[in-house]
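Each residue of the sequence shown is one higher than the last, beginning at 51 in my numbering.
Be aware that one or more of the hints could be misleading.
Distance ranges between label pairs, derived from CB positions [as the list claims (entries may be wrong)]:
id	residue 1	residue 2	range
1	A576	G244	31 to 37 Å
2	A632	P324	53 to 59 Å
3	R471	G281	49 to 55 Å
4	D623	P289	20 to 26 Å
5	R599	A576	24 to 30 Å
What the hints contain is simulated information worked out from the structure, not anything from laboratory work. All residues carry an ideal CB built from backbone N, CA and C; glycine is no exception.
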Amino acid sequence: MFRPSKWAAKIADLRRPVTAASEQFGKIVVMFRNHFVPRGKKSVKRLVQGSELYKPTGSRRGRPMSSMISGDRGGGVTSRQLNRRDALAATVGGGLALSSLARSAGAGAGPASGVRVLHSPEQLASSYDHIIVGAGSSGCAMAHRLAVAGRRVLLVEAGGETKLAAVRDPQEWPKLQGSELDWRYLTTPQPGLGGRIIRCPRGRVVGGSSTINALAYQRGHPAAYDRWPAGWRAADLLPYFKRAETFSGGASAWRGGSGPLHVLSLADVGDRNPVASAFVTASQDLGYPMSSDIGGEVTTGVGWNQLSIKDGARHDAATAYLGSLEDVSVDLLVDTDVLGLAIEGGRCIGVRLAERILRAASEVLRCAGAIDSPRLLMLSGIGPADQLRSFGIPVVVDLPDVGRHLEDHPLVAGVAYAARREVPRSHYNHADAVLYVPGTDPDDSPEHLVMCLSLPFVLPSVGPLPPPAYVLVSCLMRPRSRGSVKLASGNPRAPALIDPNYLSEPADMDLLVEGVSLAREIGAGAAFADWRAREVYPGTEAKTAGEIRKFILHATDSFHHPVGTCRIGAVVDEALRVKGVAGLRVIDASVFPGIPQAMTNAAAIAVAEKASDLVLAG
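All chains should be modelled from the sequences, with the hints used to inform the complete structure.
What follows is the structure, given as structure tokens:
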């Protein structure tokens, strides 16, 4: 590190209502439960021009997630929160902020404008040029760009709309993971983590994981992309990163100023958390430089976080890309499971639902992420032949790399401190400041990310952490371990076997020891003297590398950034076309040839932006 100076039982336990996240509301720790929510009556929604709300005309799928909340949230809304009062008041009874015009199914003749939200294939148009499977970050971006170019687009999503106010409020993201909006996937037991099973949140909602994530929006170091194939390197992707965004700091050679997605740098606000300010100072005291734009030209050092926020509210991919459509139309079929691909004569002609095939005149674009994109390919006969035959699936194309090369960032949660007094609640995502620490490579790309969380966030496997408290979380940005996504059966409704294989490479454990040690050094700095009462975890008794390793076994979790399971060059070509099958592309984080050294949502959108040009040119 660079210096500037027993299976079933465990599954049953994880399926119980248990703590998915803890958050400080005043002096109360709030516990959010996982539970399943039944589907409601199907209906068609209408989007109203100029409205900031997604106005439901009937009932919607499911009910809001319940939570176990004790006490008063307290704090209120301050005038310094970037119009949070106006933005969030609108969302108390509302859902996705898609602000364009759409017609209800069966509306009069003439071109539709905006998004037509459908709940039954009976409501579909007679034909579409492109069927996009998955309305997450990549799928929404693809739908927008293709529709604007005049293509007839059908976007199919397994999830539905949501009316949870927590979706819009950046502070409330812990409520979303484990909720009705989450697939609630689990990994296989991880030997590198003492056999623990890790939760793998993935969005099952319009907007996908951009609707339930922690809002961080960063590109990462260019060196990560320069390890990708020609045409996909940092300089190739920069125009698409810029095209996607409207950056709060304004347009520049590195940042976009007129894209659909709004990106807020906390460098541009005046209500940053004081504990995060102490973190910035402590990092600088150790010699780490301050980056004025951690998502721009200088992507190492300490800096203020950058988040997908507009007017104080979450700006997810659906809001940004579908909500900004004008004078064009996208049909959005929600609450619909795609069970396979329809392939005839070596060409993908459409997608298989439970009772019919939907046909695409041009191409099917799979945008379901690094877990479900390889799963659907394998269910459709595209993948490792031996695995497919073992489940009685006819082999269409033998592609051994489908589902292989899974990468994810491991995260240690975390180095925890009891605070001397109440820690103010963040106005944003509870991680106002970040530190990217260069490794030993000549390119100085980051090996570690350390984040300061102004809430008592540790894993249940670590132990309790009563408030007031704050936590320094260490994340490995360039893991050496590789995992896999495999079929559990030939049942198209069965979840995949997800094995990230965390810490299977000894170097990853060694690096996490480094990262935890650095977090402790920062936390022990003079800048935290007014806040720090004592180190709770790993605790002052953990002094040796062996003792820190023992802590890491219990404290490591996923950063929820799975990538690489349909990677460029192995499963898809450089235009993201699936090898051996015409009319089919995969466009999402599964195609990444390597994991970005940052959060992955921005890269997933940039890849889709570039892919839209490839599709239109093809």
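How the hints compare with the structure:
1. A576 x G244: 31 to 37 Å: 36 Å, holds
2. A632 x P324: 53 to 59 Å: Since A632 and P324 have Cβ atoms about 58 Å apart, the given range 53 to 59 Å holds.
3. R471 x G281: 49 to 55 Å: Holds, at about 53 Å.
4. D623 x P289: 20 to 26 Å: 21 Å, holds
5. R599 x A576: 24 to 30 Å: With a Cβ separation near 28 Å, R599 and A576 satisfy 24 to 30 Å, so the hint holds.
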